[in-house]
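S.K.: Letter by letter, the chains look like this.
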Amino acid sequence: MYEIIEGFLEAIRLIVMLDPDVMAISARSIIISFTATIFATLIAVPLGAAINLGTFPGKKSLINLIQTLYALPTVIVGLLIFLLLSRAGPFGFLRLLFTPTAMIIAQTVLILPIMTGLTISALSGVDPVIKDTLRSLGATRLQFLVNVMKEARFAILATVAVGFGRAISEVGAAILVGGNIMASSFRSSTRVLTTAISLETSMGNIPKSIALGIILLVIALGVNLVITTIQHR
Amino acid sequence: MIELINVSKRFGDTEVLQGITARVERGEIFAVIGPSGAGKSTLLRLINLLDSPDGGEIQINGIDIHKKKDQHLRIRRMMGMVFQKPAAFNSTVYENIAVGLRFRGVDEEVIREKVRDVLDMVGLSGYEERRARTLSGGEMQRVALARVMVIEPEILLMDEPTANLDPVSVEKIEELVLRINRDLGTTIVISTHDMYQGQRLAHRIGVLMDGVFAQVGTPREIFTVPASREVARFVGIENIIDGVVVAGGNGRSAVDVGGTLIQVVSPFARGEDVCLCIRSEDLQIAPVDGRVSASDGNSFPGTVMSITPRGPFSRVTVDCGFALSSILSWKVVDGLDIREGSRVIVSFAPEAVHVVRATRG
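As they're listed, the protein sequences go chains A and B. According to the numbering used here, the first sequence is numbered sequentially starting from 1. According to the numbering used here, the second sequence is numbered sequentially starting from 1001.
If you're looking for bench data, these hints aren't it; they were derived computationally from the structure. The structure displayed is predicted, hence computed values, not measured ones. Be aware that one or more of the hints could be misleading.
What the hints assert, rightly or not - Label-pair distances were calculated between CB atoms; the ranges are:
1. T1021/B <-> K60/A: 55 to 61 Å
2. A88/A <-> R1074/B: 57 to 63 Å
3. T1224/B <-> L62/A: 39 to 45 Å
Claimed, not checked - In silico DSS-like cross-links for lysine-lysine, where the CA-CA straight-line distance does not exceed 30 Å:
4. K1114/B <-> K59/A
5. K1085/B <-> K59/A
6. K150/A <-> K1114/B
7. K60/A <-> K1172/B
8. K1172/B <-> K59/A
9. K1172/B <-> K1068/B
10. K150/A <-> K59/A
11. K59/A <-> K1069/B
12. K60/A <-> K1114/B
13. K1069/B <-> K1085/B
14. K60/A <-> K131/A
15. K60/A <-> K150/A
16. K131/A <-> K1068/B
17. K1069/B <-> K150/A
18. K1331/B <-> K150/A
19. K1172/B <-> K131/A
20. K1331/B <-> K131/A
Said to hold, decoys possible - Computed, partial: chain B to chain A, Cβ under 7 Å:
21. L1050
22. R1076
23. R1077
24. F1083
25. K1085
26. N1090
27. T1092
28. Y1094
29. V1099
30. G1100
31. V1106
32. G1217
Note that CB positions come from ideal geometry on N, CA and C, so glycine has one too.
So that you can see chain B by itself, here it is in the shape it has in the complex (with noise of 0.2 Å):
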């Protein structure tokens, strides 16, 4: 449906995209997610038409929609866009649901029918004749989108759209999304820097980082086997660990961290410079004279350099040579009994080690 091919803009002398990649199918949600400043904004203002790509083209339905300059408006009336920040017209919730169907010169008795539905959808009934401005943030936002959805585009851009929300419209928004797209079959593109809606909402992830997409894939994929340091890093993998593989062979890999070796399965040859990404919540902990039952696993010992709170967790990093973090309940700390400077044992299976290439320069 959407086919960007090595879309690049640049503003002065900043490249924000260089060479974007990917497709969107009809029907799917595709979250662009990414690190502030990353040009996911830029990505969904090109889509709209509300900007001009540099180099590559955006194709829709196999149309390159910034060639056709006669054609923008009808290409951009096949979609919709709900920004980052709740903007409202100055008028009444009504007025600013019509403007959409006004501009396409839909009838008035028409446009009140389409309105109600649309406030019913996002849970505003009733909501017709407040000003819009006086709505709160999460209420704007549902306008906006209401705003949009009475046009009943074929494509829904969002750019950022619950980033100024507290958590309660937040769910609505996202609820909203999933509802939209599965009763209505509606494409949907979203971007967040938010990597856990990424994976609530979307059938398929492109993670924008410096410009291009460093990964595509999955939710699964992406979280599970992340392409690169930096998305692994960006989906919050808690441990990252550069190393050089040493030993090879039936899929399994010793990997030389600082002189540790760590038993890994990977299909990287020897002598290849790899990251480790392990999952905090892959690592055991255990008292040193405790039980550790690794046959053929990686055990550590190491000392406790700090034990931090997170919500209803504590972070335990332990010094092995290397760092390893990972996140304990409060109780499981309290029940190890352990404190900075500690001694314990950590272990991990090698199948926890997802291995990538480390990447130069």
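This is chain A alone, in the form it adopts within the complex (with noise of 0.2 Å):
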């Protein structure tokens, strides 16, 4: 019980005296997970609104594919990019593995279908008289499009959140194709908030991992607020 609570007194000594390791971990952390969550919204907000708006053989077979890969476990996308980026594997002359870039690739994978599906449902949460309007007023399909999303705007901001959340969140792909390597260099390390808790906890190092925890915690809560506030736009 003493050494939990001495961890975490010098956890928060690491915060407050803005230890650099700690702090070059959490920034790295959200670097990736951003980007991740920015390409992840490039192709899920098209994607998903193509979906949504078009009329096809297997639609619903697809959105009922895409609500299962919510469930698509860490690990498996992590083995995934892995196998591909790997020496033997089709990418491997990329020489991606184990680098950051790898990284946001396995994120971007992960919340793929969460955010696609998300923005299928925020889509066809627009009110269907509103959709009317639209084509009633003589929108051309662009600005049918433009308008509809912009109807769903927060629900869209939402799910941009949720997406972050869940990458931020990872750890599975992340240590896989990451492999946690803290090197001399900011770029070329891999060590993430998920990554360095695992670690630091196996080898004892408690404070430090829960001043990670608290860091983690903190940007989920941050996240989960952010949702909150936006749904109750």
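Assembling the complex is the task here: the two chains are given apart, and the hints tell you how they should meet.
M.R.: Shown next, in the form of structure tokens:
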């Protein structure tokens, strides 16, 4: 018990003193997951819009499949990207394995289904009368799309927040394709909050684990706060 | 202007429209009235190109609008539609109204001016910066009307625009409809399940029942000479009685209703099955001992079956072998001193009876 309290106090000290190691790991975590979220948004939002507004055979099954992939285990994504990027894999020549880029790719793939699915829900949540009104007012296809997205803007923003939250809190893929490397340069290191917590805990460095844990928790809570604020608009 | 030629539409197994044929003239207000689920919304959506018909065609200015795919946008931009459910975009009133003009690439300067004018027209001046979603249903519906009118459509389609509104808002919308039609000459097609609204607004009415127009005509025609039993019932004729013509000639006929003969004015020949439609206000009720002035009219003794209140009136139903209902003011009911079980005499002129052919099946 005493050990935990001491660890907690030490953790507070690390955060307050802006411990360079802790700060670097946090910053890296945010940068990697934020980048992945941007890529995923650029893919998922247009994709979701196309699926929602298009009519094609198998649309329902496709949406079902996407929703099933919400539960995609992070290690499976990690394993998949690992196999693709490993030396023997089809993209081995890119030499991306164990780089932040690999982690960005893995996290993008990981959050794509949930972001696409939530985009579809966001757009189908727009009142059909609103959609009819837009068409009736003489919108072209593009004007229609832009305005429906405008109506769903808060729900789409919430989608982005959900994607970021899932990306920054996952550990399986990050450790498999990132490798939890602490290199001399910031850019080639792949140690992020989750992987660092897992490592420090196993090494018995509890104060640091707790410090990193608090930061991760604060980020997760912050993201949630953003989501609830948006949803109450 | 708008020509509906044998238009049909089905959703799954239900044939909502089964061959609609009618013509809406330029500059007229045409009301589509009918009970809920009759297909009124579907018809308006077809005209607005929001759905495609399964059969027949809809022509606007002689062009089959559903055929010319490449002209859909141009044709749709001639029209505006106000929907039953008041719906506003999640932005300011100004942005809501500007949408249609934005689609058409109008300059912001012009937009500002037009939005101001149209807000003035619908009586919402100064509402520009309000969040549209915070408005009341009636105000939102006026914004919806402004949003459509700002693009100056040739045809205004309104799908039960007052169905969810309070009476004061209904009155405002109706006033606007009449004003738009009068001042701007806009052709208006409005659907409503309120027959009196149809009567107040329309130059002509189409009564939509079971997917077809049971009757198209002026409000006066619809209300005084309904084409069928169903139309008669829908326009609120209280007394609809089945009978058989037993004697005819000189435009006069006698109709046998369960053994009682009723004198009517009708062109139908002997032996035909008919329905007699009698408006309740054309019935007189008198006490049995009173004087009845019905030398050539119809007078039947009967027993009062029920007296039910209806606003400031009472609906008195009398059993004369067949039921006849009359609407009387409370005062008159008191004056007659009648109650359930009282014996009375019901009388009406032959001219008060509108006779329609009985629909078989």
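S.K.: All the hints need checking, so say for each whether the structure fits it.
M.R.: A quick look at each hint next to the structure:
Here the CB-CB span from T1021/B to K60/A is close to 38 Å, at odds with the stated 55 to 61 Å. Hint check: A88/A to R1074/B, Cβ distance near 59 Å, so the stated range 57 to 63 Å holds. The hinted range of 39 to 45 Å is not satisfied by T1224/B and L62/A, whose Cβ atoms lie roughly 58 Å apart. Between K1114/B and K59/A, the direct Cα distance comes to roughly 42 Å. Violation of the 30 Å bound is thereby established for this hinted pair.
Annotation: proposed proximity of K1085/B to K59/A holds, straight-line Cα distance about 28 Å (limit 30 Å). For the proposed pair K150/A and K1114/B, the alpha carbon gap of about 23 Å is at most 30 Å, so the pair holds. With a C-alpha separation of about 44 Å, the suggested pairing of K60/A with K1172/B is violated against the 30 Å cut-off. Between K1172/B and K59/A the alpha-carbon distance is near 44 Å, which puts this suggested pair outside the 30 Å criterion.
Only pairs whose Cα atoms come within 30 Å are accepted, and K1172/B paired with K1068/B is rejected, the gap being roughly 37 Å. For the hint pairing K150/A with K59/A, the CA-to-CA distance comes to about 23 Å; that is within 30 Å, so the pair holds. Proposed proximity of K59/A and K1069/B is supported: the alpha carbons are some 25 Å apart, at most 30 Å. Distance hint between K60/A and K1114/B is unfulfilled; the C-alpha atoms sit about 43 Å from each other, more than 30 Å.
Distance check on the hinted pair: K1069/B and K1085/B sit about 28 Å apart at the alpha-carbon level, within 30 Å; holds. This hinted pair checks out: K60/A and K131/A have alpha carbons roughly 20 Å apart, not beyond 30 Å. With a C-alpha separation of about 24 Å, the suggested pairing of K60/A with K150/A holds against the 30 Å cut-off. The hinted pair formed by K131/A and K1068/B meets the criterion: a straight-line CA distance of about 22 Å does not exceed 30 Å.
The straight-line distance between the Cα atoms of K1069/B and K150/A is roughly 27 Å, inside the 30 Å bound, and the hint therefore holds. The straight-line distance between the Cα atoms of K1331/B and K150/A is roughly 61 Å, outside the 30 Å bound, and the hint therefore fails. For the given pair, K1172/B sits about 26 Å from K131/A by alpha-carbon distance, which is consistent with the 30 Å threshold. Among the hinted pairs, K1331/B with K131/A is inconsistent with the structure: their alpha-carbon atoms are about 54 Å apart, more than 30 Å.
Annotation: interface hint on L1050/B holds; nearest CB of chain A at approximately 6 Å, less than 7 Å. Annotation: R1076/B was flagged as interfacial toward chain A, and the flag holds, the nearest CB pair being 5 Å apart, inside 7 Å. With 7 Å as the threshold, the beta carbon of R1077/B comes within range of chain A, its nearest partner Cβ sitting at about 4 Å, so the hint holds. Nearest Cβ of chain A to the Cβ of F1083/B: about 5 Å, under the 7 Å cut. The hint holds.
This hint holds: K1085/B has a C-beta 5 Å from the nearest C-beta of chain A, less than the 7 Å allowed. Satisfaction of the interface hint for N1090/B is found here, the shortest Cβ-Cβ separation to chain A being roughly 6 Å, below the 7 Å cut-off. With 7 Å as the threshold, the beta carbon of T1092/B stays out of range of chain A, its nearest partner Cβ sitting at about 13 Å, so the hint is violated. Annotation: interface hint on Y1094/B violated; nearest CB of chain A at approximately 15 Å, more than 7 Å.
A cut of 7 Å between beta carbons decides the hint on V1099/B: the least distance to chain A is about 6 Å, and the hint holds. Interface restraint check: G1100/B against chain A, minimum CB-CB distance 4 Å, threshold 7 Å, status holds. Interface restraint check for V1106/B: the shortest CB-CB distance to chain A comes to about 12 Å, outside 7 Å, so the restraint is violated. Because the closest C-beta pair between G1217/B and chain A is about 29 Å apart, greater than 7 Å, the hint is violated.
When the structure is compared with the earlier hints, violations turn up for hints 1, 3, 4, 7, 8, 9, 12, 18, 20, 27, 28, 31, 32 and for no others.
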